[in-house]
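Residues per chain are reported as follows:
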Amino acid sequence: DTAVSQTPKYLVTQMGNDKSIKCEQNLGHDTMYWYKQDSKKFLKIMFSYNNKELIINETVPNRFSPKSPDKAHLNLHINSLELGDSAVYFCASSRSVRGSRNTIYFGEGSWLTVV
Amino acid sequence: GENVEQHPSTLSVQEGDSAVIKCTYSDSASNYFPWYKQELGKRPQLIIDIRSNVGEKKDQRIAVTLNKTAKHFSLHITETQPEDSAVYFCAATMGSNDYKLSFGAGTTVTVRA
Chain A
1 DTAVSQTPKY LVTQMGNDKS IKCEQNLGHD TMYWYKQDSK KFLKIMFSYN NKELIINETV
61 PNRFSPKSPD KAHLNLHINS LELGDSAVYF CASSRSVRGS RNTIYFGEGS WLTVV
Chain P
1 GENVEQHPST LSVQEGDSAV IKCTYSDSAS NYFPWYKQEL GKRPQLIIDI RSNVGEKKDQ
61 RIAVTLNKTA KHFSLHITET QPEDSAVYFC AATMGSNDYK LSFGAGTTVT VRA
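Protein sequence lines correspond, in order, to chains A and P. Heads up, the first sequence is in this note's numbering, so the first residue is 1 and it goes up one at a time. Heads up, the second sequence is in this note's numbering, so the first residue is 1 and it goes up one at a time.
Do not take every clue at face value.
As a list, the in silico DSBU-like pairs of lysine-lysine whose alpha-carbon atoms are at most 35 Å apart [to be verified]:
no.	chain 1	residue 1	chain 2	residue 2
1	A	Lys36	A	Lys71
2	A	Lys9	P	Lys68
3	A	Lys41	P	Lys100
4	P	Lys58	A	Lys44
5	A	Lys36	P	Lys100
6	P	Lys71	A	Lys44
7	P	Lys58	P	Lys71
8	P	Lys68	A	Lys19
9	A	Lys19	P	Lys71
10	P	Lys42	A	Lys41
11	A	Lys44	P	Lys42
12	A	Lys19	P	Lys58
13	A	Lys19	P	Lys100
14	P	Lys68	A	Lys22
15	P	Lys68	A	Lys36
16	P	Lys58	A	Lys67
17	P	Lys100	A	Lys52
18	A	Lys36	P	Lys58
19	A	Lys41	A	Lys71
Quick caveat, the hints were computed from the structure, so don't treat them as lab data.
Given these sequences and hints, build the entire structure.
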């Protein structure tokens, strides 16, 4: 009954491969996010969707493509993986009610290692 | 982070002492300031937050203060315990965009028994 769940938790793959990370939330939230945490623990937003609509698209290589089939799911597909893509990718979700508490709930993270 | 600076990067305290982490932000339109705790190998989890219309908020051993004029906010942990050892992140909304949080670089807190 994990609130924000993402799979796989660990992923080791070779350079040049294409991989996907899936995320689902059962909190009834309508906003979902992908964050990247690098080796120095720095957390940076990549994308955000609100009701399946892309609302935040930070400066991320176009090898990264998010897809939101419905508001409870946000997947991340990465093409032509590079060594620098190695990081922990966190999915997250929140309510979208403006002006109210905007707690972001994170998933457990997906540890991606590109070799 | 691009808009949020956090200090110190590491903090070692004796059990029972207090720990203080400070953050500054650049955008005067920022209006929401959460703090997250991340234990080793775990997800970041919200521990306390504050909105721009409040100057201070307390929850048991944890308190946050906000100075909007100076654009800085701080986390205070009193009577530290070993389980407080973790990485702590401050964050601020980017302008008035509630969806977009800019995180500080994190503070690794170690509580010595």
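We went through each hint and held it up to the structure:
no.: 1; hint: Lys36/A - Lys71/A; in the structure: 20 Å, holds
no.: 2; hint: Lys9/A - Lys68/P; in the structure: 39 Å, violated
no.: 3; hint: Lys41/A - Lys100/P; in the structure: 18 Å, holds
no.: 4; hint: Lys58/P - Lys44/A; in the structure: 27 Å, holds
no.: 5; hint: Lys36/A - Lys100/P; in the structure: 14 Å, holds
no.: 6; hint: Lys71/P - Lys44/A; in the structure: 21 Å, holds
no.: 7; hint: Lys58/P - Lys71/P; in the structure: 19 Å, holds
no.: 8; hint: Lys68/P - Lys19/A; in the structure: 43 Å, violated
no.: 9; hint: Lys19/A - Lys71/P; in the structure: 41 Å, violated
no.: 10; hint: Lys42/P - Lys41/A; in the structure: 12 Å, holds
no.: 11; hint: Lys44/A - Lys42/P; in the structure: 17 Å, holds
no.: 12; hint: Lys19/A - Lys58/P; in the structure: 43 Å, violated
no.: 13; hint: Lys19/A - Lys100/P; in the structure: 26 Å, holds
no.: 14; hint: Lys68/P - Lys22/A; in the structure: 39 Å, violated
no.: 15; hint: Lys68/P - Lys36/A; in the structure: 29 Å, holds
no.: 16; hint: Lys58/P - Lys67/A; in the structure: 39 Å, violated
no.: 17; hint: Lys100/P - Lys52/A; in the structure: 16 Å, holds
no.: 18; hint: Lys36/A - Lys58/P; in the structure: 30 Å, holds
no.: 19; hint: Lys41/A - Lys71/A; in the structure: 28 Å, holds
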